[in-house]
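Full structure from sequences and hints, please.
2 protein chains.
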Amino acid sequence: MRPRDGDSAAAAARAPLLPPPAPRRAAARFHPLPLLIAAAFAASYRLLLFAPAPSYYQYLFLSLGSNDTAAAHLRALTVRPHLAGTEANAAAAVHVASALSSHSFPTRLTPYSVLLSYPARRSLSLSAPGRDDTTFALTQETYPGDPYAAVSAEAVPTFLAYAASGSVTAEAVYANYGRVEDFAYLAAHGVNVTGKVALARFGKVYRGDIVKNARDAGAAAAVLYTDAKDYAPGKAFPDGPWMPPTGVQVGNTFTGVGDPTTPMWASSEGCERLSVAEAMSSDDMPGIPALPVSGRDGEAILQLIGGDVAPEDWQGGDGAPTYRLGPGPAVLNLTYTGNETMATIQNVISVIEGKEEPERYVILGNHRDAWTFGAVDPNSGTAALLELAQRLSELQKKGWRPRRTIILCNWDAEEYGLIGSTEWVEENRAMLASKTVAYLNVDCAVTGSGFYVSATPQLDELLKEASKQVQNPDNGTQSLYDLWMASNSSRLIGRLGGGGSDYSAFVQHIGIPSLDMTIGSGYAVYHSLYDDFIWMEKFGDPLFQRHVAVASIWGLVALRLSDEEILPFNYSCYAAELENGAMEINERVLGMPVSLSPLHTSIKEFKSAVLKLEFELKALQTWKIWPPWRKNPLKARDINDRLMMTERAFTEREGLSERPWYKHLIYGPSLHNDYGAELYPGVDDAIQTAKRTNTSKSWQSVQHEIHRISRVITQAALVLSGGLT
Amino acid sequence: MRPRDGDSAAAAARAPLLPPPAPRRAAARFHPLPLLIAAAFAASYRLLLFAPAPSYYQYLFLSLGSNDTAAAHLRALTVRPHLAGTEANAAAAVHVASALSSHSFPTRLTPYSVLLSYPARRSLSLSAPGRDDTTFALTQETYPGDPYAAVSAEAVPTFLAYAASGSVTAEAVYANYGRVEDFAYLAAHGVNVTGKVALARFGKVYRGDIVKNARDAGAAAAVLYTDAKDYAPGKAFPDGPWMPPTGVQVGNTFTGVGDPTTPMWASSEGCERLSVAEAMSSDDMPGIPALPVSGRDGEAILQLIGGDVAPEDWQGGDGAPTYRLGPGPAVLNLTYTGNETMATIQNVISVIEGKEEPERYVILGNHRDAWTFGAVDPNSGTAALLELAQRLSELQKKGWRPRRTIILCNWDAEEYGLIGSTEWVEENRAMLASKTVAYLNVDCAVTGSGFYVSATPQLDELLKEASKQVQNPDNGTQSLYDLWMASNSSRLIGRLGGGGSDYSAFVQHIGIPSLDMTIGSGYAVYHSLYDDFIWMEKFGDPLFQRHVAVASIWGLVALRLSDEEILPFNYSCYAAELENGAMEINERVLGMPVSLSPLHTSIKEFKSAVLKLEFELKALQTWKIWPPWRKNPLKARDINDRLMMTERAFTEREGLSERPWYKHLIYGPSLHNDYGAELYPGVDDAIQTAKRTNTSKSWQSVQHEIHRISRVITQAALVLSGGLT
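These protein sequences, in sequence, are chains P and V. Residue numbering for the first sequence follows my numbering, beginning at 1 and increasing consecutively. Residue numbering for the second sequence follows my numbering, beginning at 1 and increasing consecutively.
Among the hints, a few may not be true.
It does not matter which identical chain is used: a pair holds within one copy or between any two.
[To be verified] Subject to a maximum C-alpha distance of 27 Å in a straight line, what follows is the list of computed BS3-like cross-link-like pairs (lysine-lysine): (1) 464 / 618; (2) 691 / 397; (3) 631 / 355; (4) 398 / 635; (5) 398 / 612; (6) 635 / 397; (7) 355 / 635; (8) 355 / 397; (9) 612 / 355.
What the hints contain is simulated information worked out from the structure, not anything from laboratory work.
Below, the structure written as structure tokens:
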């Protein structure tokens, strides 16, 4: 998982709100009577037909949550570090596949040979005039009594995947969070980064962009560290949830998506491939040597960096030394040799075939590979998935079969650039594009407290409804909806424009309605050795009720999408979202030679289409007992296909300018921060360029991008209304 | 319509085989008893359910053909020249729309504002040392008693649409058919074309490519003429079917598709547009002044061209002077001023809504606009469409309603680059791509004798079956199938890779199974003033039974596609086609560093998918009386969607290299001849380049293109088999 934009600092502000310790098998206390009555009522007319209503199984599903099951799976999955491409991760795949097979869900492994990156040699030393050299150990220390101390040796040495191999000795420059604006500040203040080693702290933008920005500023190498202000404002693990002084955030720096040797296509057997050298010379690779270091090592370097004092918001927390910009006198000697090698990864795919509509898919996905133990990232999600599967198996024993096919996916090599999910989506592109109703992603199920959701907007209402039926795991008298409403200061529902997790290929490459959710927003031991079962048990989710809550809403949304005759999609939220985006653009281009009228026209068409569909649905629903689609399933199929394919119509076959893999013109990553979830990314990029260059041609590009989004919105309106011109 | 590759010469060989004159309302003599018995039998079990079987209506449809109706419509449509963008063509649209509305088929006009091209000023004169100058009249003469003499003045002056405006005085060079190899021959024999006027004859490649090849060879202008050897080997119109001495082939020279101001998107109201200047500077525009001239004028020029004698196969027919290469001493003074202007075009769209599956479309299309009267091109097709509609209306009165929606389309501005159909497809892209079963094109319904079909291969078997049920219009004891089998010397069924008619956007841009058919293969008065009702009545189809035959097979195929529960698609023909193509590639790359193994693997997968589907269908069809899909229409829908979407999977979103509008990787135009219908066009282009340059990189490009087609074939195999990896 890649955390949300700026969440490391946010994580500090939202320290886990821990419930008091309690026995793990805490009985669920959230069974409001009205819901049960509603269930019985909803089931009644269906009972006449000897088949329970979908809502019956939904309530049954909610009642079956088991924190023990979730905890047991998490413990089993995290006994050892299990990095993508390792034997340990293959063993974890077997665990997942066995668990799913044991419910007699047909389950298979899909292997791909892909380019992964491991460290072969690393060293970092610090020197400065008049001082002894320091050679950093680059090791994360275990603590006395750590039950995972022995297997910790199996963890990959701290590194940044796909960093260039090389050796650099040069003065250090401090670059704050390594954003474009941080390097611009250095340039404006006469700090020359060329040929230097840039020291930047994790947390505001994707680490791959930090290294890329350093490279673009001319740095010869980059060192990234976890600043205590962001990651350790309180007691460190194992005494508290925060990052220990030697903790290091390991991670990926490739800014592309999927296997680097197969850009745009699947890594199938015998397929076309770039050579490793070609793949490594891509502009999506960092291109310079880079290493991540601990807070302690970062601070040691900063203490020897002189020059002008850095601005206030570049400084550290209490007790930190004064941060200065450099360059020097600290000199860093960094050596990194990477081992970029083809390795086999394995997705686990498990299919619960639909009874009435087997050729329509509701896909649930989570990844399995982890930088270390992965108790939070990603196996809290894997545990939730397996707990959810356990409940579906119970449902099946009670006679349930989904109307549509439910597919449970456990991806591999997400950490290396969403590789497992991307290759699978590319391999099955035509099938998935014409048959997938929705993709529901959970990466880290539990990182702390609070409920956070991102989704394509037609799912907003469904999420709200479902969250009202699930218990708040931290407060037995409340619903998850209450927790959600209390968790978000700015916007309630995030969007899926960023490259944060495995939804990327589904949304951005082929236009599938998708969501991503988690309990908790950020956590300090992210991608470090300390992301283990003990951390989860002590700080993340002692009762494992948060895991259950995620499994509950995940499964409930899946059941509603798989079982309801008419898909519970609401496109009026989408229309509002498109309109808000247009208003934002309007503010940004005020006074410039750009007309938004095509965009306004297309949104108007889209809104009319939404109204038309709602009217049709209302007319049909007047036959409550025996709606027309029961007599003619093709009628429902028509409406459902319109609902399903509308999202697809937001994709344009040529894709974003200069980033052709990204086909979705409404949601896609911003050019300078892969975590950024911009609406209308093509327009955003063009406006940024036009504001910088202010040429007539650059404003024409803005207009062109506005026309492009208008065209896909018009296509979507036609699909939703079901009309031809 | 653009004729088939090399058909002008072929036309000479296949002079219309005229049946003896006979009264127009010749009773159909082809009602073999077995067919009627089969009809009754097939209808029987359905009658128990009080609904006749589809085959009942199919036989009824065949029995309703009316040559009088076809003739009356053709006469009405061709009373005046009706070029795209003119008032006369708008009047023709009203005729078509009224005819369709009169059957109470909901009918609408879809207007687009597009860039058309008209001549504003033209002059051409010939001079040579020691002779008086000749100024050509550039007029096609009418004949004594021509009933259309008066309205002939309304015809557009002879010109080549989108030719560049300009004035050129230069020596003439003779360039045979203006192919790449013809200009290569001139270069090899020391004939410098630079700055000269290239004189080339029509007939072997698309005229737009002739002008482009001349430009690429350095010519300052081009003059295209109709050589008597190809167009007038016998008695000229009105005494015979051949081109009169002053007849001129008018036509388009734009090599793109659709409105030149909206490449890649629809010309909707308020849409983004290139300026006229931008559009005219596209590489798809001829870029030099050019004019078409008559055979008489062409010969006059050739008589004054000296230099080396041209090779034998560059010479004219009996009585022609000796053709020499030039340059000079003939000097041509050519002035052309074009009026490129935005004009309104109108498609007519008529919808017969399906009863069971209204959201699945079977689309029939023909264009309406003509360079002059258009009796052959295209209104023989329009007359057939209206005659067919008349029969469907009779069926409707007898209780028929199609299972799927039938859409009758009458396109505008086809002659200017398939504009009307292309804009409509672009505008409705997302809808059409997910809902269209097939597109059935007829441009010229009747040009002479013989039956010629092009199709995507899954329609091959259906076409054969249907043709056996339709009477040979020239022989009452035979079927159309017999005529077809006797008509084709080389291959039986053409393919749709070329840019010949309105199927282009359907097949090549969005991957819809399509066909195109005609009775007759080429005709001499093509695109001249003499393509009028008199020509058709005297030579093309005196009895109008050929029109009826085209309407019969067109409608029968449409009825089978619209009414049968399982789509009558056969993909084993497609597999064989893919395999033949692979064998051809194999021969061309023998000994080169190229592996076909990915292609062989993908074709193997495709063949397995075909077998799997056939097996499934066979298993289902054991319940003949009450097949499973009658109980569950979604089962049939699943199979039909797989059959329908398989063709779509042959498209790749990025399209052909450097020609991104062309998304279909199996069928697309060859780079140097827009008429060419290559299989695997991307591979073909790459091989041509590699054979020319023979660099390692160029052979890698061939390998890349082989991988690309392998990938789409693998996608298609997954779609057809309905499986996910």
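Hints, one by one, checked against the model:
1. 464 / 618: within (21 Å within a copy, 47 Å between copies)
2. 691 / 397: neither (61 Å within a copy, 65 Å between copies)
3. 631 / 355: For residue 631 and residue 355, both the intra-copy (17 Å) and inter-copy (14 Å) Cα distances are at most 27 Å.
4. 398 / 635: between (29 Å within a copy, 25 Å between copies)
5. 398 / 612: neither (39 Å within a copy, 33 Å between copies)
6. 635 / 397: between (31 Å within a copy, 25 Å between copies)
7. 355 / 635: Cα proximity of residue 355 and residue 635: in one copy and across copies (18 Å, 11 Å).
8. 355 / 397: Within one copy, since 15 Å is at most 27 Å while 39 Å is not.
9. 612 / 355: between (30 Å within a copy, 21 Å between copies)
Checked against the numbered hints above, the structure breaks hints 2, 5 and satisfies the rest.
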